[in-house]
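Number of protein chains: 2
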Amino acid sequence: MLRLSTNQPDFERQFEKLVSGRREAEADVSAIVEQTIRDVRARGDVALLELTERFDGFSLSEQGWQISAEECKAAYQALAPELRDALKLAAQRITAYHKAQLPKDRDYRDKEGVRLGARWSAVDAAGVYVPGGRAAYPSSVLMNAIPAKVAGVERLVMVTPTPKGEINPTVMAAAHLAGVDEIWRLGGAQAIAALAYGTDRIAPVDVITGPGNAWVAEAKRQLYGVVGIDMVAGPSEIVVVADGKNKPEWIAADLLSQAEHDPTSQSILFTDDADFAEKVAAEVDAQLAQLATAKVASESWQTNGAIVVVDKLETAMPLVNRLAAEHLELAVDDKRAEKLFDLVRHAGSVFLGRMTPEAIGDYVAGPNHVLPTGRRARFSSGLSVLDFMKRTSFIALDKKALKAIGPAALALAEAEGLPAHAESVRKRL
Amino acid sequence: MLRLSTNQPDFERQFEKLVSGRREAEADVSAIVEQTIRDVRARGDVALLELTERFDGFSLSEQGWQISAEECKAAYQALAPELRDALKLAAQRITAYHKAQLPKDRDYRDKEGVRLGARWSAVDAAGVYVPGGRAAYPSSVLMNAIPAKVAGVERLVMVTPTPKGEINPTVMAAAHLAGVDEIWRLGGAQAIAALAYGTDRIAPVDVITGPGNAWVAEAKRQLYGVVGIDMVAGPSEIVVVADGKNKPEWIAADLLSQAEHDPTSQSILFTDDADFAEKVAAEVDAQLAQLATAKVASESWQTNGAIVVVDKLETAMPLVNRLAAEHLELAVDDKRAEKLFDLVRHAGSVFLGRMTPEAIGDYVAGPNHVLPTGRRARFSSGLSVLDFMKRTSFIALDKKALKAIGPAALALAEAEGLPAHAESVRKRL
Chain A
0 MLRLSTNQPD FERQFEKLVS GRREAEADVS AIVEQTIRDV RARGDVALLE
50 LTERFDGFSL SEQGWQISAE ECKAAYQALA PELRDALKLA AQRITAYHKA
100 QLPKDRDYRD KEGVRLGARW SAVDAAGVYV PGGRAAYPSS VLMNAIPAKV
150 AGVERLVMVT PTPKGEINPT VMAAAHLAGV DEIWRLGGAQ AIAALAYGTD
200 RIAPVDVITG PGNAWVAEAK RQLYGVVGID MVAGPSEIVV VADGKNKPEW
250 IAADLLSQAE HDPTSQSILF TDDADFAEKV AAEVDAQLAQ LATAKVASES
300 WQTNGAIVVV DKLETAMPLV NRLAAEHLEL AVDDKRAEKL FDLVRHAGSV
350 FLGRMTPEAI GDYVAGPNHV LPTGRRARFS SGLSVLDFMK RTSFIALDKK
400 ALKAIGPAAL ALAEAEGLPA HAESVRKRL
Chain B
0 MLRLSTNQPD FERQFEKLVS GRREAEADVS AIVEQTIRDV RARGDVALLE
50 LTERFDGFSL SEQGWQISAE ECKAAYQALA PELRDALKLA AQRITAYHKA
100 QLPKDRDYRD KEGVRLGARW SAVDAAGVYV PGGRAAYPSS VLMNAIPAKV
150 AGVERLVMVT PTPKGEINPT VMAAAHLAGV DEIWRLGGAQ AIAALAYGTD
200 RIAPVDVITG PGNAWVAEAK RQLYGVVGID MVAGPSEIVV VADGKNKPEW
250 IAADLLSQAE HDPTSQSILF TDDADFAEKV AAEVDAQLAQ LATAKVASES
300 WQTNGAIVVV DKLETAMPLV NRLAAEHLEL AVDDKRAEKL FDLVRHAGSV
350 FLGRMTPEAI GDYVAGPNHV LPTGRRARFS SGLSVLDFMK RTSFIALDKK
400 ALKAIGPAAL ALAEAEGLPA HAESVRKRL
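Protein chains in written order, with numbering that gives the first Met the number 0: chain A, 0 to 428; chain B, 0 to 428.
It should be emphasised that the hints constitute simulated quantities derived from the structure, not laboratory data.
For each residue, glycine too, the CB sits at the ideal point set by N, CA and C.
You may find that some hints are simply not true.
Heads up, simulated DSS-like pairs for lysine-lysine below, C-alpha to C-alpha not over 27 Å straight-line [to be verified]:
1. A:Lys334 / B:Lys398
2. A:Lys334 / B:Lys399
3. A:Lys87 / B:Lys110
4. B:Lys98 / A:Lys110
5. A:Lys426 / B:Lys426
6. B:Lys334 / A:Lys399
7. A:Lys426 / B:Lys244
8. B:Lys426 / A:Lys110
9. B:Lys278 / A:Lys426
10. A:Lys98 / B:Lys103
11. B:Lys338 / A:Lys110
12. A:Lys338 / B:Lys246
13. B:Lys246 / A:Lys402
14. B:Lys398 / A:Lys244
15. A:Lys278 / B:Lys398
16. A:Lys402 / B:Lys334
17. B:Lys246 / A:Lys426
18. A:Lys103 / B:Lys338
19. A:Lys246 / B:Lys399
20. A:Lys246 / B:Lys426
21. A:Lys98 / B:Lys399
22. B:Lys244 / B:Lys278
23. A:Lys338 / B:Lys338
24. A:Lys398 / B:Lys278
25. A:Lys103 / B:Lys110
26. A:Lys110 / B:Lys148
27. B:Lys87 / A:Lys398
28. B:Lys278 / A:Lys338
29. A:Lys98 / B:Lys98
30. B:Lys402 / A:Lys246
For each label pair, taking beta carbons as the anchor points, the in silico distance ranges come out as [said to hold, decoys possible]:
31. A:Lys87 / B:Lys87: 22 to 30 Å
32. B:Asp397 / A:Gly112: 34 to 42 Å
33. A:Asp284 / B:Ser19: 43 to 51 Å
34. B:Ala273 / A:Arg37: 39 to 47 Å
35. B:Arg200 / A:Lys110: 25 to 33 Å
36. B:Gly416 / A:Pro80: 15 to 23 Å
37. B:Pro317 / A:Lys87: 36 to 44 Å
The following block holds chain A by itself, in its conformation from the complex:
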């Protein structure tokens, strides 16, 4: 864990290292992924069979290619009631938040009599990738699938690797709750390629979202343009801005809740109270001693964690903006949180006040937990219904409107050396 103070002489150099340090593995998977995509495109289902046998260790033709709606429903019904209610509450709140996100169509006539507008519509089909293994999170199913359904996507396809045929029942339950229409037992770059191009068995989709390993991420990157994708995702991160009036154990738990995701995760605390900083550091160590995920969390905290002591929290905000973190907690009194929030320019999601731990946003608050990482909050946003929709603009002129603005179009077309453009206007004038 890195300790920094804005008063130390080499602060700027050290902080810049923190900002520009890449935690993402630059695994050279691009050539392998390219090969996999070409293979699936050429050989379709045969390639999927072989690759699944090789990487997931089971036969699709024996175990079945799909997981049925009935199996998902049964998994949902078999959940412990407390967990089922929790999942249901999460789904309801995510649905409500994303419904309010639906964009409005426009249709108006301006003073020149030109009718203008824009109409939003959902894509026909979307695919959601759900990882197997450690990162098989039902919450992630809800966060990807619900915005698609709220957007109005008619065919929502999930792909998920089922190593040796096994699938997480809570993931199946979440798929049932979110209204997923098809589930295929496929993982890796081959699953992304199958969704993008389609095979004999699998109809192609228009948009693919969802987290995955380096191969999945690279496949999405390579197929961007063939389909729409959500933002390239990197390791998770949290920045906590806290004054000395917080309970150190709360803030320590917040930092660890990010660290336990993965050794590449990052947790950074900004505080104006050096004593408090040390108390939090001690508390992190104390909680690590008892944490079931201590191995991962400890590696993350040691390698990527940082505590930055500043003179004043307000002066920390430009530094916070440079980090453009995925998650930002402003753990101060409510009024002050508001003022600090006014100084935030770049962040994926902000958690205001002392009673809003980031974990609430991961599960039940309502906003999406798929958020830009690796400083991408400078230019990108969390997943939303917009990722599953597209906008068609429209224009309608009558004779009078064409007379008003047509001559200008004609002049510009001629200046650009495009005479047929000019003619299409001139003939109608």
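Use these hints to put chain B onto chain A, whose structure you have.
Frame of chain A; chain B shown alone:
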């Protein structure tokens, strides 16, 4: 030019070829572009100097790296008054349309007492690529730069190759009008790399938009994630749906206005009147005989053009949706245009009625002319202020709200095997 009729026995096969035919050159530029990006990242301005000397045939250190605001203003003032007024009208109308596009922030408290919201903000800096040569269009400067400025981007940077040091004065005038803040005489993949990573002279930007050749497009694709980019763009295209009551010469001009852009452009007519179809075909040939851009337009029309005769325009619409064209004209009576528009699922921009030639949308209507091509209207939208903005979600709980939804978060965190997540909630409950 391909003639099809829905009544011919092999129609589906022929039409599917039209839908899936790729007009985009699959030039293998990826390795070269990767090399260029690495070079600019490593050697910065020195690499830019060398590459510009090699590809654009002039020395940046002799001719100057930038084009000044004064030069652009002078170019604007030197325009012929008619052209200046046309450019001004275009800028005003594009500004008005895009202002109405600005998204609204959200901030509300739900029935559990949870405060939720989303706040939109502009990216700090954006870059616009403007090609040199044939495709150096002032309208393209306006269509890329104005949405950025309307979004609130403070630093708007333009890069444009100036072969042998020459730049199109109308492009400079448009840059002045649109409020571009910096212009660099740079082109190709090296210009994109410089914008994405920055060099000693050039500060990096957050988003890069604008059309370019295969090298520019590939550089944007490779740097997606380091910066935000607009959609990968392919050759331009128009679909015209017209009944027999149109003037054949108007429709012919519309088809040619797309064909004259590039030999890879595509123009397709759907009509329910076989006689009308032949009249349009004859009129296209007649107009080609007189057109200054006949060489390009004729090659495009011959290679990629098509006329599809259908029984009824309504039955053409599912076919039109499969093409998901960049531009779609519905050249029928106003009321019928409305009905056909209701059947449109996928299109970049739609032009309603007989008096709305597509060229109006290229220049002065107001909506953006940067639109999805190559069937990407299935999942993507035209350029808008949203491409230069990002959304930060926020969440604020008080004790009561945490009590209402905290236990569900706790249950889900435990089900996902993330105990520190659970602890961060439990300690506050």
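For each hint, the structure was consulted:
For the proposed pair Lys334 of chain A and Lys398 of chain B, the alpha carbon gap of about 16 Å is at most 27 Å, so the pair holds. At roughly 18 Å between alpha-carbon atoms, Lys334 of chain A and Lys399 of chain B fall within 27 Å of each other, so this suggested pair holds. A distance of roughly 17 Å separates the Cα atoms of Lys87 of chain A and Lys110 of chain B; the hinted pair therefore holds under the 27 Å criterion. Taking the CA atoms of Lys98 of chain B and Lys110 of chain A, the gap is near 16 Å; set against the 27 Å cutoff, the hint holds.
For the given pair, Lys426 of chain A sits about 74 Å from Lys426 of chain B by alpha-carbon distance, which is inconsistent with the 27 Å threshold. Distance restraint check for Lys334 of chain B and Lys399 of chain A: the Cα-Cα separation of roughly 18 Å lies within the 27 Å cut-off, and the hinted pair is therefore satisfied. Using a Cα cut-off of 27 Å, the hinted pair Lys426 of chain A and Lys244 of chain B holds, with the two alpha carbons roughly 16 Å apart. Under the criterion of a C-alpha separation no larger than 27 Å, the hint pairing Lys426 of chain B with Lys110 of chain A is inconsistent with the structure, at around 60 Å.
For the suggested pair Lys278 of chain B and Lys426 of chain A, the alpha carbons sit about 16 Å apart, so the restraint of at most 27 Å is met. Between the alpha carbons of Lys98 of chain A and Lys103 of chain B the distance comes to roughly 15 Å, so the proposed pair stays at or under 27 Å and holds. The hinted pair formed by Lys338 of chain B and Lys110 of chain A meets the criterion: a straight-line CA distance of about 25 Å does not exceed 27 Å. Restraint check for Lys338 of chain A and Lys246 of chain B: not satisfied, since their Cα atoms lie roughly 63 Å apart, outside the 27 Å limit.
For the proposed pair Lys246 of chain B and Lys402 of chain A, the alpha carbon gap of about 18 Å is at most 27 Å, so the pair holds. With a C-alpha separation of about 17 Å, the suggested pair Lys398 of chain B and Lys244 of chain A falls inside the 27 Å cut-off, and the hint holds. Taking the CA atoms of Lys278 of chain A and Lys398 of chain B, the gap is near 24 Å; set against the 27 Å cutoff, the hint holds. Among the hinted pairs, Lys402 of chain A with Lys334 of chain B is consistent with the structure: their alpha-carbon atoms are about 21 Å apart, no more than 27 Å.
A C-alpha spacing of about 10 Å is found between Lys246 of chain B and Lys426 of chain A, which places the hinted pair at or below 27 Å, so the restraint holds. Restraint check for Lys103 of chain A and Lys338 of chain B: the C-alpha separation of about 20 Å stays at or below 27 Å, so the hint holds. The hinted pair formed by Lys246 of chain A and Lys399 of chain B meets the criterion: a straight-line CA distance of about 19 Å does not exceed 27 Å. For the hint pairing Lys246 of chain A with Lys426 of chain B, the CA-to-CA distance comes to about 10 Å; that is within 27 Å, so the pair holds.
A C-alpha spacing of about 24 Å is found between Lys98 of chain A and Lys399 of chain B, which places the hinted pair at or below 27 Å, so the restraint holds. Of the pairs offered as hints, the one joining Lys244 of chain B and Lys278 of chain B holds, with about 12 Å between alpha carbons and a cut-off of 27 Å not exceeded. Between the alpha carbons of Lys338 of chain A and Lys338 of chain B the distance comes to roughly 51 Å, so the proposed pair goes past 27 Å and is violated. At most 27 Å may separate the alpha-carbon atoms for a hinted pair to count; Lys398 of chain A and Lys278 of chain B meet this at roughly 24 Å.
Distance check on the hinted pair: Lys103 of chain A and Lys110 of chain B sit about 24 Å apart at the alpha-carbon level, within 27 Å; holds. Proposed proximity of Lys110 of chain A and Lys148 of chain B is supported: the alpha carbons are some 23 Å apart, at most 27 Å. Proximity of Lys87 of chain B to Lys398 of chain A is assessed by CA-CA distance (about 22 Å); at most 27 Å being required, the pair is judged to hold. Of the pairs offered as hints, the one joining Lys278 of chain B and Lys338 of chain A is violated, with about 68 Å between alpha carbons and a cut-off of 27 Å exceeded.
For the given pair, Lys98 of chain A sits about 24 Å from Lys98 of chain B by alpha-carbon distance, which is consistent with the 27 Å threshold. A threshold of 27 Å between alpha carbons decides the hint, and for Lys402 of chain B with Lys246 of chain A the separation of about 18 Å falls inside it, so the pair holds. Checked against the given bound of 22 to 30 Å, the beta carbons of Lys87 of chain A and Lys87 of chain B, roughly 57 Å apart, lie outside it. Against the hinted window of 34 to 42 Å, the Cβ-Cβ separation of Asp397 of chain B and Gly112 of chain A comes to about 52 Å, which falls outside the hint.
Restraint check, Asp284 of chain A to Ser19 of chain B: a C-beta distance of roughly 60 Å breaks the suggested window 43 to 51 Å. The given range of 39 to 47 Å is respected by Ala273 of chain B and Arg37 of chain A, whose C-beta atoms sit roughly 43 Å from each other. The hinted window of 25 to 33 Å between Arg200 of chain B and Lys110 of chain A is violated, with their beta carbons roughly 45 Å apart. At roughly 20 Å, the beta-carbon separation of Gly416 of chain B and Pro80 of chain A lies within the given 15 to 23 Å, and the hint holds.
Remark: the range hint 36 to 44 Å for Pro317 of chain B to Lys87 of chain A is upheld by a beta-carbon distance near 38 Å.
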